[in-house]
Amino acid sequence: MCPTIVNNVETLCNVKHIVEMGAEQYTKLGTPNNTGTRLISLSGDVKQPGYFEIETGKVTLGELIYDENFGGGVRDGNGLQAIIPGGSSSKVLRAGETFPIGEDEVDLLDVPYDFDTLMKIGTMSGSGAIIVIDDSRNIVECLANLAEFYAHESCGQCTPCREGSLWMNKALHRMTHGGARTEDAEYLLHIAQNIQGRTVCAFGEACSWPVLSFVNKFKHEFEAKSLNTTDKETASTP
Amino acid sequence: MAEETQTEAPAVVETMVVKVDGREVEVPKLTEDWQGNLVPTTVLQACKHAGNEIPHYCYHPKLPVAGNCRMCLVHVGMPGRLGPDGKPPTNEDGSLKIDPMVLPYERQTPKGVIGCATNLVPGMEIYASSPETKQMREAVLESLLINHPLDCPICDQAGECKLQEYSSEHGQSESSFAEYKVHKPKKVNLGPRIILDAERCVLCTRCIRFSRDIADDDALGIVNRGSYNTISTFLDTPFDNNYTLNTVDLCPVGALTSKDFRFQMRVWFLKETRSLCSSCGTGCNTLIGSRENTMYRYEPRENNAVNGPWMCDSGRLNYKWIGREDRLSEVTGASGWATAIIEISAKLEEAQPGSVAIIGGARQTNEELYLLKKLANKLEAITDSAPRSGQGDNLLCCPDKNPNSAGSRLIGIANEDLGSRFAEIAQGIEAGTITSLIVFGDDVTKHGIDETLLDKLDLLVVSDILPNATTSKAHYLLPGCAHTEKRGTFTSVKGQVQKFMKALDGPGNARPEWEFLHELAENTTGQNGFSTIEGLFNQMAEEVEAFKDKELTWASLGNEGVTVEI
Ligand code: SF4
Ligand code: SF4
Ligand code: SF4
Ligand code: FES
Chain A
92 MCPTIVNNVE TLCNVKHIVE MGAEQYTKLG TPNNTGTRLI SLSGDVKQPG YFEIETGKVT
152 LGELIYDENF GGGVRDGNGL QAIIPGGSSS KVLRAGETFP IGEDEVDLLD VPYDFDTLMK
212 IGTMSGSGAI IVIDDSRNIV ECLANLAEFY AHESCGQCTP CREGSLWMNK ALHRMTHGGA
272 RTEDAEYLLH IAQNIQGRTV CAFGEACSWP VLSFVNKFKH EFEAKSLNTT DKETASTP
Chain L
2 MAEETQTEAP AVVETMVVKV DGREVEVPKL TEDWQGNLVP TTVLQACKHA GNEIPHYCYH
62 PKLPVAGNCR MCLVHVGMPG RLGPDGKPPT NEDGSLKIDP MVLPYERQTP KGVIGCATNL
122 VPGMEIYASS PETKQMREAV LESLLINHPL DCPICDQAGE CKLQEYSSEH GQSESSFAEY
182 KVHKPKKVNL GPRIILDAER CVLCTRCIRF SRDIADDDAL GIVNRGSYNT ISTFLDTPFD
242 NNYTLNTVDL CPVGALTSKD FRFQMRVWFL KETRSLCSSC GTGCNTLIGS RENTMYRYEP
302 RENNAVNGPW MCDSGRLNYK WIGREDRLSE VTGASGWATA IIEISAKLEE AQPGSVAIIG
362 GARQTNEELY LLKKLANKLE AITDSAPRSG QGDNLLCCPD KNPNSAGSRL IGIANEDLGS
422 RFAEIAQGIE AGTITSLIVF GDDVTKHGID ETLLDKLDLL VVSDILPNAT TSKAHYLLPG
482 CAHTEKRGTF TSVKGQVQKF MKALDGPGNA RPEWEFLHEL AENTTGQNGF STIEGLFNQM
542 AEEVEAFKDK ELTWASLGNE GVTVEI
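Residue numbers (the working numbering), protein chains in the order written: chain A, 92 to 329; chain L, 2 to 567.
By construction, these hints were calculated from the structure, which means they are not laboratory data.
Even for Gly, the Cβ is constructed at its ideal location relative to N, Cα and C.
Heads up, a few of these hints could be off.
What the hints assert, rightly or not - Mimicking DSSO-like on lysine-lysine, the simulated pairs with C-alpha atoms at most 27 angstroms apart in a straight line are: (1) Lys163(L) <-> Lys63(L); (2) Lys211(A) <-> Lys474(L); (3) Lys63(L) <-> Lys308(A).
Claimed, not checked - Only some residues are given here: those of chain L computed to face chain A with a beta carbon under 8 angstroms: (4) Val66; (5) Asn69; (6) Arg108; (7) Gln109; (8) Thr110; (9) Pro132; (10) Ile147; (11) Val183; (12) Ile223; (13) Gly227; (14) Asn230.
Okay, chain L solo, but in the shape it has when bound (with noise of 0.2 angstroms):
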């Protein structure tokens, strides 16, 4: 196997030697900018290679650089000015002479140079933990200060606060201001889902080029001058594209708060569980905060393969249906779960090759999908997911707004159009030659079953979350979990394979459904499956082509998920 693998030759990275707090490093000549095109190594990325991180406000590795916090500052040595024999000027032993810089008209001043935005040069000396570097950053730290309002207590922002964390890392514990501080709006309604705190903000701008360059929405500015700058909209326009919670994740301090978070839990109460959007079909990676089997808010998680950092408003937002009071929590039409499944399997048994319909819908996960796809192989049931489309967008919003679409594809659920074998099932049903509905996580009366169909039926075993028209004809009921209550994995229209991990428990009695349906199949089928999520997913990839060409596995997953061919 080893000799027939191809193994790419790895990409020549050029490099380059500069000296990092007086030990040698080695970074490449080049890293990509915030739109991925390769320029000239900063100093601030040569330190983050020596693991020596420069704090910073205004620089993120996704946004233009800005240079303008001045947090980055830091001591270096330079090469001199080249001779007139066109060469560098050298030390006795004919080394590169390198002299620490200087204010030009003040020489026994050390100058410093912005991390962000200054490129290496060869033989630069780094002098990233002198006492000069961190004289710099103590000034920056103080004048961001001086008109902070200091109301850590009861900021959102505290416990992931960058004005906290560089003040006890790299601040002074006392400031000599002795004037009264400048105050500005402290509550200001950005747009519908956005709140500033002026006095708060920092002045980085990150806020104003995300939206800018990134959002496409050249919806924020800076108004009035000097200390009294403030962060505005124009006049009363609101701030509202689809991507404005993400000026909440990037501002470094609690200047922008979500409405939705607000005053809602400290941070540091939050359990984070690593999980996926499960709003379309881009399947953005997200970080769940919960506490006490209480979902607070989502955050994007960065994977660059899929949604870099960023997320949309509509798909952070929609979470709020998993604590819905009327979510579906009992077994109905048998006494519990063990007896439903043990008639639900007899009567699947009895039926007729055919005469069982199989619906999968789009939002249960790749296992719940290939479960199914093993019971309609034997029942030869006929399978489809209804469809779901919407708005999409050029940044993320895919308008296929199931999160599996494409995994319903792979593993054989539905065809290339989700929905296309409603009207055949719809007659079977009529004309009786389908007598038994199989319906997990769709309600199937708005795709052309409607409930004059769904009464004909000797069988109606549905899975679901929230009830429906489906589920109140159900003569099984049973109550599954949302996705951020269990393990499993999604294929996002881009073909990329991601896992989520459980945050909450479901409610009352609900249970994942790969976890019935492993136990609905082994009955059904006569064949053993594996009972733990990881041997599922194993067992599943030996079996979908496409997840075996990459040779998939639940650990080669990773955080971030492997991309298959679609």
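So that you can see chain A by itself, here it is in the shape it has in the complex (with noise of 0.2 angstroms):
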């Protein structure tokens, strides 16, 4: 029964770093407020998936995707459609979406890899696990993948997540089968919206953010899925 110290391998890493440079030359690696580096694990329709290490804010989603030394772009000539930038419970960023970030309008691909910028669009760096998603993926699957994940994980000790987390696996999985409605969409929401802040731990957000992130950024592409028409085809159509 004695505890046990389990290190994620950012750690070690960092604290190879630290006591190798020291705390002070440490911190000047990085941005400000943003320092030291991080360990990216790039996965998805990349060309070149892998973990690499960045220097925190100085490299931007775009060139972690793109760029010769890491993902060396989207996979099979593919178009880009999405990115779930820091583990699956981030929110998912669409591609050719903008955030106003200072003075500027920026597009996805130009936002530094870091904690505050992805804070202020909305999603988080959490975890450093990119998940790229190319436009030949069904995004409602997409998301029915991660729910099935999400519901078997939840340990179940609360009501909303250990109820939601199933509920939410069991539409997207009718909806992948066939059995999609056009209310399906807003039908999500109202499961995720009732998870989020009202659980035992964050595992609640954990499973109700992909939800309600996918479902409101691709609000037309999961009411798509309800007509008799192929997905990816009226998906597409704006």
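Assembly of the complex is requested from the two constituent chains, each provided in isolation within its own frame, with the hints serving as guidance.
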């Protein structure tokens, strides 16, 4: 029954630098208030998925995906559809979105990868796990995949997450197996809104944020699921 | 008198003011937790003071707080963070600035706190009835209901179910749920006395916490994850301590049912009567549930001086004898009550002083033992009560299995050691100095006065409820009543004098013992007595030292009784 310390790889990596360089030098890495380095785990539809270490805030999302030193571009020549920037619970970002940062309206791909900026644009850099989704994917199916994971992971201790996580999973399963209804987008939002902020642990946010952000940012695609045409064509019509 | 009575200075209770629904209420800063320690008062408790009951499932005042059901979510307003000057932000008029709580990442969305585990903060505003709070409740109820089987028509809990109650009070009439429900086992044999319907369970964990923290038996837990969570014992280990049935009371829904009560009676047909358990000296307070002169269950009735909200399983289930077919119901030895009392009175009047012995069982009431004592005084009779002992434990169960040993001692029927005079009585009968024996509620053949000795007696008057070796030897058999069939009081091992009410009629011609003892005592002693239980009790309280010290009256006992010096 002895306590066991479980350290993140990223932490050990940070410690190594701090011991070697000293704290002062280390804090000169990165950008103000976002100092040091981060370990990025880049996955999904990129040519070169993998782990990369960056100086916090010195690299943009676009560079992480397209630069030869990192992802090397979207796979198979496909276009970019969405980025999940900080682990699967972080709110999704839609390709083509722009954000007011300082004086400028900044394109998604020019957003620097750090804590503060991602927070400012309504998501988070969280675990540093970036998932890239290309335009060959059906976005409803992507969310269904996440919802299945969260329904399975919920410990079940508290009511909103225990019941809500499986509820969302069932709805998305139905939607991706021919049973989608036009009201399902609103239905999903209703479920997710009743989870966030009302649970014992942060898993409530973790399971509801993907649903809230996917449905809000890709509403048309979710509504289109109920129509009897192929999803992709319908979804790409503005 | 008033000048002499030393009134204790009331303990100073520190209070604070919070706003509930815009109204200022003064509440104590500290409140007792489940173990009786004083801890900061919570939002839920403050609302209760304000007369606004926050719905809750997992919270129970006598269990450790779990905070898992989220039913008690309530929207609140809080003072802001302390500024650089160390002071909280204020309004223009200098008053404390209170901001309704919002989600930190979505400031247009209100955030609730769980009332059961959120301590009061000075200045706090509790929006107990606001639309925001209402919406949070509706959502939690909707979540609890989506996978709920809704088998109220066949559910034993129907009529006393918190899911039914809260749904009609705080829920919506419709749910948008369009999926298939989760199915779980519906008839799990958790142990010898309990069946679990896992589909009805709202996973509040009250049963787990009760067993682990109160009954000291870490027997229950949850298996499977997320929405598939199911209450379970460890593998096939049965849930079998002497307190398991309390989980049926604690369970806010119909998930845990008592095998004894399952499908026996709809609860709304039950008449409730305040009573006591008579199975040991603890004197747990109970409620009898009965219908048409049949008893269906005992439930514990909360009394923090005695049993808290609990009772033991063996006491709870020990009521079947009341309705037994072989209950004594007719007077024998005489043609009926009137002649029996006249004949017995006449014989007792003739008896030589010291030739009568009286056994007043410690299952008789204080009033009955008092009347027997009056008889004994007049007849100079030797008296005693038979001891009954068994297993005790650290929670409630007392090794003294008589419900009124303390009463017997205080009234002077038995001395400290119940049964210590039986040998002397046996010798007296053997020697022919004791020729009459009156026995109420004990089988003396089990205590050294065997059948051969009983055969020597000129007069054997026996009153009991069920037949035994002593009743079969009686010259006069007077059928008595179970405590559920009369009113009266018992004195617990700790000196709590408590009353019980009548729930049922006795069988046939059986009568409450105090009624005919009163007639017998009047005839024999020539003194007038009281023919009502209130009068009788009050008279007794004047004469029995320990009762007199506390100025007991039938009325002053209230529903929870009064502790006397034992
Ligand atoms: S929010 Fe946390 S505690 Fe509650 S059920 Fe989900 S994982 Fe368990
Ligand atoms: S069985 Fe009853 S008491 Fe136990 S967790 Fe379920 S609802 Fe709560
Ligand atoms: S502890 Fe004693 S008085 Fe209480 S329920 Fe059990 S047997 Fe009855
Ligand atoms: S009563 Fe269950 S969380 Fe408060």
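Among the hints numbered above, which are violated by the structure, and what are their numbers in rising order? Those not satisfied are hints 2, 3, 4, 6, 7, 9.
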